[in-house]
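Trainee: Chains as they are written, first to last, in my numbering: chain E, 52 to 435; chain Z, 52 to 435.
Check each hint, because a few of them may be wrong.
Claimed, not checked - So the derived list for chain E, only partly shown, Cβ under 10 Å to chain Z, looks like this:
id, residue
1, 84
2, 314
3, 337
Derived from the structure by calculation, the hints contain no laboratory data.
For each residue, glycine too, the CB sits at the ideal point set by N, CA and C.
Number of protein chains: 2
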Amino acid sequence: MTADLERERAARAALARTREPGDLWLARSVAEIGAVDLHEHLRSGRHHTGTAAEVAALLADVHPERDLDRARRMGLRFVVPGDDEWPSQVEDLAFAEPGTEGGGAPLGLWARGPRRLDELARSVAVVGSRSATTYGCDVAAEFAAGCAAAGWAVVSGGAVGIDVSAHRGALAGGGHTAAVLACGADKVYPRAHEQLLEHLAAEHVLVSETVPGGAPFKHRFLTRNRIIAALAAGTVVVEAAARSGALNSAGWAARLNRPLLGVPGPVTSASSEGVHALLRSGRATVATSAEDVLDAVAAVGEHHATDRRGPERAGDRLSPRHQRVLEAVPALRPAAADSIARVAGLGAGEVSAALDDLVASDLVVPDGRGWRLARRPGEELPDA
Amino acid sequence: MTADLERERAARAALARTREPGDLWLARSVAEIGAVDLHEHLRSGRHHTGTAAEVAALLADVHPERDLDRARRMGLRFVVPGDDEWPSQVEDLAFAEPGTEGGGAPLGLWARGPRRLDELARSVAVVGSRSATTYGCDVAAEFAAGCAAAGWAVVSGGAVGIDVSAHRGALAGGGHTAAVLACGADKVYPRAHEQLLEHLAAEHVLVSETVPGGAPFKHRFLTRNRIIAALAAGTVVVEAAARSGALNSAGWAARLNRPLLGVPGPVTSASSEGVHALLRSGRATVATSAEDVLDAVAAVGEHHATDRRGPERAGDRLSPRHQRVLEAVPALRPAAADSIARVAGLGAGEVSAALDDLVASDLVVPDGRGWRLARRPGEELPDA
């Protein structure tokens with residue numbers, strides 16, 4: 052098992068070296084045939100064409116065990132599916148509509164620091180403009196402190212402006228905070244935040260999809276934003292001008308169907324224009340305090356919501372993958388797993404794991420040699 | 052006809068003297084049997100009980116013709132249904148849920164100033180706290196100027212803070228503005244705004260439901276708020292603390308099913324707390340500019356909306372009364388007007404007038420001796 056996991060890690064590390072973060076070809080190929088098989092297939096010396104040929108050519112010069120070893124000596128680890136600390140919520144990216152910058156689940160995440168990445172399942176992303184106002188920075192720090200004090204980690208991007216205020220606020224609130232970087236997790240960017248980021252590496256955690264040593268290219272900020280949104284249970288945009296990059300994070304949160312909140316500000320402030328546009332569009336809800344954010348992200352019952360709209364329905368809080376599987380399960384006549392997988396357009400392994408979870412949640416019941424929807428008291432049957 | 056109208060005016064002026072603005076007994080009695088008949092009935096010397104007895108006793112000392120004469124000499128007029136300038140949109144109040152302060156359509160409106168009240172069909176209410184910030188006052192003036200410049204009148208309450216900034220902004224925008232007062236329209240309150248309010252009386256218009264000479268009692272501010280909301284096509288709340296009276300106006304706009312907008316502000320500002328609560332609750336939408344307000348209030352096609360949600364359906368923009376009648380009209384088999392009136396729970400006269408309007412709007416068609424819903428291309432029949 053451990054040997055399998057290390058083969059998986061090496062295959063993913065090797066493949067990740069050949070393409071940029073957010074590469075859809077790679078994400079989809081790995082989802083389809085698995086990282087180990089894909090890696091072996093591309094290293095087989097067989098004739099490849101197109102992207103496969105490019106990747107195969109690059110793989111010839113990649114030595115993942117050596118890379119992983121060197122990274123380990125620098126205090127970095129490459130966290131992959133199968134690791135205890137793997138934050139599996141990022142896999143929802145496989146089912147979120149990609150952006151122009153790419154998308155898909157990351158092959159793995161580089162981490163530097165003592166805190167486990169799976170802790171971030173209980174985290175809030177606090178993001179916003181680099182050109183923030185003192186109002187925005189104060190609010191970001193205040194919100195982050197409130198979330199941190201309530202036991203929620205704060206995820207942000209380590210940038211100047213809102214990001215750094217969020218990290219500092221979380222620390223001031225006595226909580227945990229993680230910075231997701233566009234450069235390699237061995238580096239710090241921006242340099243002005245060296246002290247803060249090295250403190251996070253020492254006491255908390257730095258995260259990156261970019262290979263160690265990688266520079267913070269513009270493209271990597273955009274693909275990084277999707278990791279921030281996918282790690283956190285919800286995203287709050289504190290300040291964002293009309294075309295701010297923070298709106299890119301907001302877009303990912305929305306496409307992941309995660310709670311998205313916006314902090315209002317003066318309508319006379321250009322730094323709030325983008326947030327107000329999000330609020331007007333109905334994609335984000337108004338957040339006036341950390342309490343509002345926690346209300347939105349907390350699971351039902353975990354935190355009392357003061358003003359929810361409409362009753363919650365079974366399935367509302369499932370991951371996109373689980374929802375997709377659930378929708379493929381018939382209401383009356385049980386279907387076999389491979390038939391459900393075909394309807395859902397997913398792999399048999401994924402579907403089988405999701406069905407187990409859905410059975411555990413009483414949403415699906417095993418019946419004969421297949422599965423069908425559980426019937427709930429008073430609930431009408433879907434079209435049979 | 053003119054004699055009839057003057058009898059109506061005198062009856063309404065007399066009745067209005069006996070009860071406070073927003074009195075539901077009076078509003079409902081007038082709606083049921085008409086002002087002239089109610090007045091005659093109460094003056095008949097017959098034995099009355101309860102509220103009717105109280106009103107009858109008070110009527111003995113009321114001399115409406117003399118009151119109207121004296122008011123006319125002071126430059127006041129009592130505008131009632133049947134007058135060309137009657138702003139009939141306030142009659143929607145008869146179908147809005149009352150508040151603890153009362154409700155119902157006003158019996159008439161006292162006006163002082165050269166502008167006709169029916170011009171206010173094309174108006175926006177700009178309201179907010181008396182204890183406003185300079186931010187709020189600036190925004191109120193800016194929004195009001197924008198609405199005024201676009202040809203929309205600005206209605207507000209003449210109070211310090213947001214109200215006076217809205218009136219001044221409308222004037223600065225070269226437009227029309229009306230103040231609805233809690234005291235009689237012959238008086239000015241607050242005294243600090245004497246100059247502004249007298250200017251409105253000279254060039255625009257002061258409006259009040261309170262009888263001439265009436266003092267600005269606390270209760271009258273609340274019933275006054277419903278007149279502001281009912282006169283205007285939509286209401287924008289610029290600043291309001293958590294328990295601000297401005298939220299009372301907002302509540303009326305919501306119950307009238309008129310567009311309600313809120314201007315966001317810093318979450319650190321107590322003066323924006325009430326507005327943010329409105330926005331969070333979904334009752335108000337975000338307004339960041341006069342343009343947003345005009346988008347919300349303008350009739351379809353009159354002003355291009357940049358971001359509407361969902362397609363508009365026939366009937367969406369009807370008054371509550373017309374909607375109620377429309378809902379009572381059967382889809383297939385035509386029904387007689389008196390049957391529709393019974394289903395709608397409205398008077399035969401009101402229903403007959405509403406049916407004429409609905410026929411003119413192609414929503415209802417006459418069929419034999421009755422009325423049925425018009426069928427629209429591609430639209431499914433309601434339950435037949």
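Trainee: Run through the hints listed earlier and report the numbers of any the structure violates, in increasing order.
Mentor: The structure conflicts with hint 1 only, although it agrees with all the remaining ones.
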